[in-house]
Amino acid sequence: MTTGTPEPLLALSDINTFYGQAQVHFDLSITVGRGHIVCLLGGNASGKSTTMKIILGLVKPRSGEVMFDGASLIGLTTPQIVRRGIASVPEARRLFADMSVRENILMGAFVRNDRDAVAQDLDRMLTLFPKLGQRLSQRAGSLSGGEQQMVAMARALMSRPRLIVMDEPTMGLSPLYVDRVLELIRTINQEGVSVFMVEQNASLALEIAHEAYVLQTGRIVLSGPARTLKDDPRVRDAYLGGSEAA
Amino acid sequence: MSSWLDYTINGLIVGNVYALVAVGLALIFGVSRLINFAQGSIYLVGAYIGWVAVVQLHTPLPLTIIFVAVVAALVGVIIERFGLRPLQNSVRIAPLLATIGISFVLDQLVMLTFSPNPRALPSQLPDVRFQVGGGTIGPLDLLIAGVGISSALLLFVFLRYSKLGWAVRAASQDRDAAMQMGVDVNRVNQAVFGIAAALGGVSGLLVGMYYNQIDTAMSLQATLKGVVAEVVGGAGNVPGAVVGSLLLGLVESYGVAVFGTSYRNLFAFLLLVVVLVLRPNGLFASARQAPPEPLTGTFIAPSRPVRIPRWALAVAVAAFAILPLLPVSFYILQTLINAWLLGMLALSLTLVAGTIGQVSLGHAALLAIGAYTSALLSLTLSVPVGLAIVAGGLMSAALGTILISPSFRLRGHYVSIATLAIGEIVSLVILNWESVTRGPIGISGIPPLSLFGYDLISPNSVYWFSFAVMVVLALLQARLLGSHLGRSFRAIRDDDIAARAYGLSLNRYKSLAFIFGGFAAGVSGGIAAHLYSYINHETFNTQQSILALTVVILGGLGNVVGAIVGAVALVGLPEVFRIAAEYRILIYGIVLLLLVRFRPQGLLGTI
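Top line first, the protein sequences correspond to chains A and B. Under the working numbering, the first sequence has 103 at position 103, and the numbering climbs by one with no breaks. Under the working numbering, the second sequence has 810 at position 564, and the numbering climbs by one with no breaks.
Hints listed in this document are in silico derivations from the structure and should not be mistaken for laboratory results. There is no bait here: all hints are sound.
If we take Cβ atoms under 8 Å as the criterion, some of the chain B residues that face chain A in the derived model are:
#, residue
1, A416
2, Q419
3, D420
4, D422
5, M425
6, Q426
Yeah, the Cβ is synthetic: ideal placement off N, Cα and C, and Gly gets one too.
Assemble the whole structure, with the sequences as input and the hints as a guide.
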């Protein structure tokens, strides 16, 4: 599937997930190549967010394998998975609302013990997200949605991850911030971090992604290079048509 | 001695003691959204460990404090690891019930180890008092203030500057997001329970020294006071808990100054109910605080109730009805009479807690109202006993519903706290309203059961009477649950917002449930009063409320037959196995813990 890529960084294979009796995933297989942006498209209740939760170990699949950098993640706890080098930008950002912006960003480095390097990375975040500089001592909950998204991304980067998983990073943002966030994802990726993002907004996601998968009620129905999918009439009909309204 | 300054100092000192308990509760609530009802038991354990250290090991004061803190912290860590962590994926009310079970077990273990008699815990400080303005202050006051302030400072530094402290704060704001930062939430929980327990244990030690005396009744009081202070300050708000505690200490102290000592607790619980009703998020909650939504969810575990065919039930009723005609011992009849009385209470609670989802922890108050009404009517107004019992049931239905109605707007854990407080208030009013209730002396010489002028004195007649009343109540309740009312009740339990959206008036249905439940419990209390011939304000206590809850969970919440089966099992089995009385409460606690963990749907399944 991931033609021309070396051994993938992340590979989900034949995942079957259940919530009680209801099956969420049917033999789901996804790979994220090293240095790639891969996006998972799908409508409501297609199982997108659950896919993210499986990577992070928040939901356990009934069967299947999750390999990260050649080692299985199945059976690991979320903190253990984070320590392996996967950071997340959760849906709706999920900042620690009563902690300051600085504390939020530093929470991202919770798994690290190299204090000096963490301080340097904090400075680096402020060059990457200059707006946050004036907000450092402000309560995170008092920021606008776009600013919160910046904090969430800075927080994720602070663990020096090899892979960032993002759940609908553009959801609820103003058009201005949507562009800004997409640009930042590209920048982050150019610095060598692989990105796996879940999106509803297909046209935006396909603009920056290398590869994409389309998930429909728990099954991958389409996959391939983002450029190809963008022109695929099926994707166009299913998502791009409606995306203007969304 | 009795200057206002003295009362202020006393209020602040006592407030400091409450703060040590309340801060721990707030920390735990912050991280796990759990009101830890075992906190008072740790306080009790702390007091007794302190006694061992001071009286038997003769440790110097600083060492005593450290010793108590360390042992108490260990107990806290063990509670978290083995009592609560296994319940992580359980329904929200399960950990709360588990902490109640744990507190029963701990209290009873302390009682069995040290005997229930009070012990003197000598203060290790010189007994001198210094004049300060118009009041006096002693070294122990200063110690308590010092421990309170330095604990608060330490806690502040810990939360603000240590890595684990950051993890605690992050986890209390967003547990999942904290996990995604690599925070090990189990470790955070463990740390928080350890810290809370250390503070609680030291608090128990200091209180013991302050009053020079410790006894096992301290536990529930401490939990209640801590919960009051914490809720007043805003659940999960650590600085709020400190302020709430000081406020509670002052309110109590001034209340005592004006009205007398026996009013101390009344003020505490009135403060709680007022805050719960007017500002359920506490006095200091700002708009930004998350709604108390995670507190909702009842204890209804998904299950398919065991279907018992009607003929089997009829056979069982017939068998129990003819039992006195068989050669059975008086002792068995006596045990079963107790089971029928408890069964009526369980019918009431299974309706309120199971069917409509309001987990009441103060149900014994309904017994007390029924008992006092019936006893006083028959004794002072010579109302025939049969009629007086019915009047007791009606009074319990009316008064109980009126008392609980302000908390109809609360949900989840808050309902449990409110009912607990209301239960305490009823008992305290009985204690203090001497002109009617005869106060602490209680009511003696209550006439025996009688019906239409015939005294029911023989064990057989008492047995038949109580059995018949229970069966009638059970049939009524089963009929009620089969009607559209039962469906509406369950709808409110499962999703009150959805139920309201479909046009159900929550208040009306909750009132109906409490009216019916209040009647059943009141009748049970009335019969008990005439059976015991003596009652006082402690006859119907929190222990009975919790026992009823255990019965109801054992039988299966909402399950009418289950309530009765549970009552027979919990009253009968200890008798069958001849378990000594002092171990029974311990066993009830263990049963509750095991049920919550392994069979939350009970024996017959929830409905």
